[in-house]
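Student: From first to last, the protein sequence lines are chains S and R.
Offset between the first sequence (1-based) and the numbering used here: plus 737.
Offset between the second sequence (1-based) and the numbering used here: plus 737.
I should point out that these hints are in silico values taken from the structure, not numbers from a laboratory.
Do not rely on the hints blindly, as some may be mistaken.
[To be verified] Heads up, simulated DSSO-like pairs for lysine-lysine below, C-alpha to C-alpha not over 30 angstroms straight-line: (1) R/981 with S/1129; (2) R/925 with R/981; (3) S/1043 with R/925; (4) S/981 with S/925; (5) S/925 with S/1043; (6) R/1043 with R/1129.
Computed from a prediction, not measured in an experiment: that's the story for all the values here.
Number of protein chains: 2
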Amino acid sequence: MAPEETPMTSDDRMIFRSAEIISVGTELLVGQIVDTNAHFLSEQLSQIGLSTYRHVVVGDNTERLEQAIRHALTDNDLVITTGGLGPTEDDITALVAARVAGVSLVSNRDITDRLESRGRYVSPGYPLIPEGSRYFHNDNGTAPGSLTFFTLNRSQKAILMLPGPPDEMEPMFLRYVRPVLEMHSAAKFVHRYVRLTGIGESRSEDMIRDLIDSQDEVTIAPYANPGEVVFRVSQRLESGDDDKTDEAVEAIVERVGEFVFEIGQRTLNEVVLDMLVSRGETCAFAESCTGGMLASSLASIPGASKALLGGFITYNDEMKQSLLGVPRDILEGEGAVSEECVRAMADHCRLRTGADYALAVSGFAGPSGGTEDTPVGTVYIALSKCSGLTVKRFFFRGDRERVMRQSVVAALNLLRRGMIDG
Amino acid sequence: MAPEETPMTSDDRMIFRSAEIISVGTELLVGQIVDTNAHFLSEQLSQIGLSTYRHVVVGDNTERLEQAIRHALTDNDLVITTGGLGPTEDDITALVAARVAGVSLVSNRDITDRLESRGRYVSPGYPLIPEGSRYFHNDNGTAPGSLTFFTLNRSQKAILMLPGPPDEMEPMFLRYVRPVLEMHSAAKFVHRYVRLTGIGESRSEDMIRDLIDSQDEVTIAPYANPGEVVFRVSQRLESGDDDKTDEAVEAIVERVGEFVFEIGQRTLNEVVLDMLVSRGETCAFAESCTGGMLASSLASIPGASKALLGGFITYNDEMKQSLLGVPRDILEGEGAVSEECVRAMADHCRLRTGADYALAVSGFAGPSGGTEDTPVGTVYIALSKCSGLTVKRFFFRGDRERVMRQSVVAALNLLRRGMIDG
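Extracted from the complex, chain S is given alone in its bound form (with noise of 0.2 angstroms):
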């Protein structure tokens, strides 16, 4: 039976007005994995248009987890866990949900088939799902999920399970489950983003104060990531709502258009992907201090092949002298930070490698190296193209890992700022 097909319930009408995430594992709790289901919940839930107004992180225990489900349930009609629905004892979610909700947990013949088939190994009396759920096949593990539908001091409630490992649980959310959500959500939220770089969050802030306080129906709030400022603007759509978010959109970019990169959901390595395939266009990289950051930065985007070619990751100075030829004069006297490296590192790479555009990196990204005039954090990058070479010179705070992130945003937004001006 497809998973389309899986019986309906009869609580299929009702209508979720706000949902509380609760993540189940030890391993949370103690600080051994980052918990990325929330977040990534969240955004699925917002774009639904469901509230989300709490999220929790509870333990492998019986006690902890039924006080959290049930706290979560008298301000929310929907709770969502992940986690703890593997086959071992300390795997407890769906007993305590299953407690909760007041049915038995029963095993599901159209599951245990399914995972036959897949030639995944069953244990006797596993997976188990709450009586008269609905259920959601796992596509990458063993683990269901299930949606349960019950009534809790006269209220209508709902729980959804889901697995723990993301690579199971977002497969398995944006397949089967998020269909299913969005017949039970009344309104919509709308989200739009309006991404700047080479700014920083309180100057740009500042640029766009009176917006930001005089804002009513539409919020607009900032949000930093490492080398780039984020505006989100938010409306709740009810039904004849009009949406305003455009206007709002339209008064940032008219104060801060100069370093708006993206209006939408594109990081900055999408929109220069973006950018270099529709223009026929390549790019190949030299990098020091980012050691193949750079690169790795485009390659993880599905068909960067398209504008990729290559590169050269020259960690000293050896490696920058043979494989890139930047002159011994060079190295011994500038040094491998300074602008003349970056230049020799940049067209070296572009006529090395035929690409239209070569970016070439070269910083003290720490903890120890630097000099007095050029401390840690100092980041030399150059562009190099055809009708001619642009360098910059950046100071970045942070540790190694930040000033290599921060040095990745930057040349990115130097090559975009390049095919621009032509």
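Fit chain R to the given chain S structure using the hints.
Tutor: Coordinates of chain R only, in the frame set by chain S:
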């Protein structure tokens, strides 16, 4: 005044038993950024010996934040907040915390002086901290941390407020906050970690099933990262208890030793770099589908330049030919994703760079590409060293980025084994 000398309060002998972490910010709830603070703090608290039973994320809403803090204080004596300490209107944490603690917010001359001496712009009336609280300077931003003791329903309670940006919060916590919390802790947890690669989570769990099942004082908890399985061995140590985690670690290693690359906290890239440095050897990389991610996994570790020379990113056939001298016969015959191709890439990379070890990676990371014989997820990895060449073929599941990450782990492990085998 140095932070170590900030005034003591009369509550300095309070012993914290458990802490709840509350992350504040609507941007977390709508899924725009991942909450890494709770993860960082959990691990820190666990090391200090403070139990954490719950994490909560709430938006920038005074009522919900107050409700969350009050709820947390019913079960815990310490509440830790991150975020919401900035100068803007939606930064409500200090306001709400002071209300719960029943104290006023005051400005502090020591804090503002220090900010001004660092050339930070300080707006009038900012920052404010709860009266009588211990405060912590922010070396990387403006919002200070604070620890406020108070009595609620005749119980002694405390609220620790920390800034939201991880690059401000983490250094503040490590430098100033942790030593203070350690004074307030009674017990300590011992955690040991056995890290495996080259084996799946369920298979490795099966191999130590009886150890997991017979756990009593010492608990063994498995979890997985891409390409890696970790067994966390934990014991809560009260004074007088014997540390039995070493025995448990030995018992695990006896079973799964061939897959163990680390007993401790180092990740595989750190283990490989340490091995290279201690042997005085060097490495270089020739990357196709990983596009620089392999090299940057080493480059992101402080001190990488001692062993990492550099390498080549050859993202298409022309680059493999021109930069790495892969014969056209191979590219047109066996193709770029083949044993022959990575052999040529690895050998040439070692020759060109003079490294002791060269790793070459070529595969189909997807989502498109691949052939019937060589489907998406197929990755060839070669290790070239002076005593010879090893090639392995892998099939990885998951999306593009996951295939790339698993390739990086497999390549590093091939290098690690290549060093051990001599």
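Student: Taking the hints in turn, state whether each one holds.
Tutor: Here's how the hints hold up against the structure:
no.: 1; hint: R/981 with S/1129; result: 56 angstroms, violated
no.: 2; hint: R/925 with R/981; result: 14 angstroms, holds
no.: 3; hint: S/1043 with R/925; result: 54 angstroms, violated
no.: 4; hint: S/981 with S/925; result: 14 angstroms, holds
no.: 5; hint: S/925 with S/1043; result: 36 angstroms, violated
no.: 6; hint: R/1043 with R/1129; result: 27 angstroms, holds
Comparing the model with each earlier hint shows violations of hints 1, 3 and 5; every other hint is respected.
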